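**Student:** As a plain string of letters, each chain reads:
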Amino acid sequence: MSLWVDQYRPRSLDDLHYHQGLSARLRSLAASGDFPHMLFYGPSGAGKKTRIACTLKELFGPGVEKIKIDQRIFLTPSKRKLEVNLVQSNFHIEITPSETGNYDRIVIQELLKEIAQTQQVDLNAKQRFKVVIINEADSLSRDAQAALRRTMEKYMSNMRIILCANSTSRLIAPIRSRCLLMRVAAPDSDAMGTVLDYVARRVGFDLPPDVAGQIVEDAAGNMRKALLVLEALKMQSPDLSGNLSIAKPDWETYCHKVADLIVQEQTPARVMEVRAKFYELLSHCIPPTVILKTVAERVVERVDEALKADIMHWAAFYEVRMRVGSKKIFHLEAWVVKVMSLYKQFFYGMDLTGFD
Amino acid sequence: MAFFQVPATKTAPKHNVDPALQPWVEKYRPKTIDDISSQDHTVAVLKKTLTSTNLPHMLFYGPPGTGKTSTILALSRQLFGPDNFKNRVLELNASDERGIAIVREKVKNFARQTPRAQAVASDGKEYPCPPYKIIILDEADSMTQDAQGALRRIMETYARITRFCLVCNYVTRIIEPLASRCSKFRFTPLDSASASARLTMISSAENIGADSSVIDALITTSGGDLRRAITYLQSASRLASSTNPPTLITANDIQEIAGVVPNSVVSSFANTLGIETETDMDTDDRDQTKGFEPIKKKVKDLTMEGYSASQILSQLHDLIVLHPTLTGRQKSQCALILAEADKALCDGADEELWILDVALRINKSLS
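Chains A and B supply the protein sequences, listed in that same order. Its first residue numbered 1, the first sequence is counted upward by one per residue in UniProt numbering. Its first residue numbered 1, the second sequence is counted upward by one per residue in UniProt numbering.
Because the hints were derived from the structure by calculation, they are not lab data. Please read these numbers as outputs of a predicted model, since none were measured by experiment. Note that the Cβ used here is the ideal one computed from N, Cα and C, for glycine as well. Certain hints may be false.
Unchecked claim - The calculated lysine-lysine pairs, modelled on DSS-like cross-linking and capped at a C-alpha distance of 30 Å, are:
#1 A:LYS344 / B:LYS297
#2 A:LYS338 / B:LYS297
#3 A:LYS49 / B:LYS296
#4 A:LYS66 / A:LYS81
#5 A:LYS257 / B:LYS300
Said to hold, decoys possible - Reference excerpt, derived from the structure (chain B facing chain A, CB under 7 Å, subset only):
#6 PRO23
#7 ASN93
#8 SER142
#9 ARG228
#10 GLY259
#11 PHE292
#12 MET304
#13 GLU305
#14 GLY306
#15 SER308
#16 SER310
#17 LEU345
#18 ASP350
#19 LEU353
#20 TRP354
#21 LEU360
Whole structure, please, built from the sequences with the hints as guidance.
**Tutor:** Rendered as structure tokens:
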């Protein structure tokens, strides 16, 4: 049995619950026979993938739902083998080139050219072109993006590209200017409530409005998270009554504990303690950016108004250093020490300006 | 629908591309160098080469969408005519593998074969067809240093029968020895008059009836990048013609397609930061704009809406720099903050954190 998220995922543009304007636009684009390259962007859990899948169905009919998973091996110039997973149907192909890290350029070059140079042979196909979906386009390397540029123009007759990204900031301008931009905003709470209600009705139970409100608030615009939470709650107490508490993920409570430690005491010994906790989090594969954001948000809740701006500033400062640098823990620690020194400076009037 | 009424005879379909499905960028690429908009200096120099049939190595540089690739393609088409174009011109771009090995092999092989004597062109026109080949290295700034190094000697050895044309955005990424072998042509961003002329020409050829407000919106959103403007125009006309019933394009459509954040959103954001904006200066409660929590909430909302951080920053920048009452000092402080954030975003930093940081710091420096 599949999760509710997958089971009740809308399959066609008509089933979508929110962003009706966007759906209407996609429908008319798919019908016009003159389909552009597209770039879907928006926060996670807003429904980008769902909309892409629905658009594909609108374009090609139910055939796109027959998918197979394939593995391809590419050879780098230095004879290293790269394995890439492809999800494909007769009409489209879905890749996540960032899986291969620095070698994503090779995947883009080889795969796209291969697809672009073969024409659709099925005469009954509704469209002459194939669609290539590139996931996580914002983590494509510069080289790979440059490789996309001319390919997108040259092979327009055989291929359309749909890029899916969280933000357009990291995409180079030439790519952005070649695509039709589609912003998928996170659903507002009303829309999320409707979707939760709909799923509950499909499963066959009544969702009390206060529980729905609680879930919506917790999910903060992430539809996927909301549905997962709903299913978890349903498992917990089948009648959804009484005092329900939405269980926070372990790492989040752990991060909050770290934040509390920082605020309680500012000593070198405490830094060591925090460091051990950071290591624990990192070894459980929690992305360092998420750790830093969660801890920082918790810390600013508990300190004086005057300190908040500074703490966020240094969080942003060390976050970018973390991206550029290679050892994440250094920068996490540096931030902790910075916050502690700011805190002391503020409360005891200690002059620690030489500490930068 | 307007698309399918385009006369198919106008552009000869190559590779069986339905002209209605062709991107307009390709369809309306200038056919001769006289068609190139703006860039008077470059065009004047290149026209001379058409008559004298002698050409130096060339380096075209300038921002995207100013006609670099179009110019060299048009020039070589005029030099060689449609028949000889294929075997006289080699176009390599970043989507082709361009390591050292490829530059050596492909370029050497191509450069080695001496061009054959001129044949009579099939369309009856006369072409100068000078006795050399042209190798176009598009997007040359994404070539590795080593590959560029390998080109140095090749360029000289085969100078007798080949001319190189390097096309790039950033001339600084081309190594000095290569740049000194070429005569450089700088392409400037298009001025609005010639961009508007071109866009009006396309819109009348495609029969989409775009009025002047639409053209203006295109020019402001594209910032001198004609390709972007044309792509936006095509996308907008697609949307407008595919709705039922077909509607006319409006300036709002263009902004939506270009991913521009609506002005009301930006100004309400600026308001939260303590920048007075004309629209809702009186209605907003002044006490609410101060403090950490409202700013944080506003930033969260913005990220939820999915607007791109760099777009917000650039629009915020416009708003601040053109602001009537802020002092010069305040503006420059804001500019410093924005510059730092832009660098961080380019390095791939977290968008929400940085927008929040920018917001907090601007708020602090203004209060």
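**Student:** Does each hint hold? Answer for all of them.
**Tutor:** Against the structure, the hints come out as follows:
As the CA atoms of LYS344 of chain A and LYS297 of chain B are separated by approximately 27 Å, the hinted pair is consistent with the 30 Å bound. Restraint check for LYS338 of chain A and LYS297 of chain B: satisfied, since their Cα atoms lie roughly 25 Å apart, inside the 30 Å limit. Restraint check for LYS49 of chain A and LYS296 of chain B: satisfied, since their Cα atoms lie roughly 28 Å apart, inside the 30 Å limit. A C-alpha spacing of about 29 Å is found between LYS66 of chain A and LYS81 of chain A, which places the hinted pair at or below 30 Å, so the restraint holds.
Only pairs whose Cα atoms come within 30 Å are accepted, and LYS257 of chain A paired with LYS300 of chain B is accepted, the gap being roughly 23 Å. At its closest, the beta carbon of PRO23 of chain B sits 6 Å from a beta carbon of chain A; the interface hint therefore holds under the 7 Å criterion. Interface hint status for ASN93 of chain B: upheld, as the beta-carbon distance to the closest one in chain A is roughly 4 Å, under 7 Å. A cut of 7 Å between beta carbons decides the hint on SER142 of chain B: the least distance to chain A is about 4 Å, and the hint holds.
Because the closest C-beta pair between ARG228 of chain B and chain A is about 4 Å apart, less than 7 Å, the hint holds. For GLY259 of chain B, the interface hint holds, the least distance from its beta-carbon to any beta-carbon of chain A being 4 Å, beneath 7 Å. The interface hint given for PHE292 of chain B is met, as the beta carbon of that residue sits about 4 Å from the closest beta carbon of chain A, less than 7 Å. For MET304 of chain B, the suggested interface contact is upheld, since its CB lies about 4 Å from the closest CB of chain A, less than 7 Å.
Because the smallest distance between the Cβ of GLU305 of chain B and any Cβ of chain A comes to about 5 Å, under 7 Å, the interface hint for this residue holds. Interface hint at GLY306 of chain B: satisfied, since its Cβ lies 4 Å from the closest Cβ of chain A, which is below the 7 Å cut-off. Here the hint on SER308 of chain B is kept, as its CB sits about 4 Å from the closest CB of chain A, short of 7 Å. Taking 7 Å as the C-beta contact cut-off toward chain A, the hint placing SER310 of chain B at the interface holds, the least distance being around 4 Å.
The interface hint given for LEU345 of chain B is met, as the beta carbon of that residue sits about 5 Å from the closest beta carbon of chain A, less than 7 Å. The beta carbon of ASP350 of chain B comes within 5 Å of a beta carbon in chain A, closer than 7 Å, and the hint placing it at the interface holds. Interface restraint check for LEU353 of chain B: the shortest CB-CB distance to chain A comes to about 4 Å, inside 7 Å, so the restraint holds. For TRP354 of chain B, the suggested interface contact is upheld, since its CB lies about 5 Å from the closest CB of chain A, less than 7 Å.
Hint status for LEU360 of chain B: holds, given a least beta-carbon distance of 4 Å to chain A, under 7 Å.
The structure agrees with every numbered hint stated previously.
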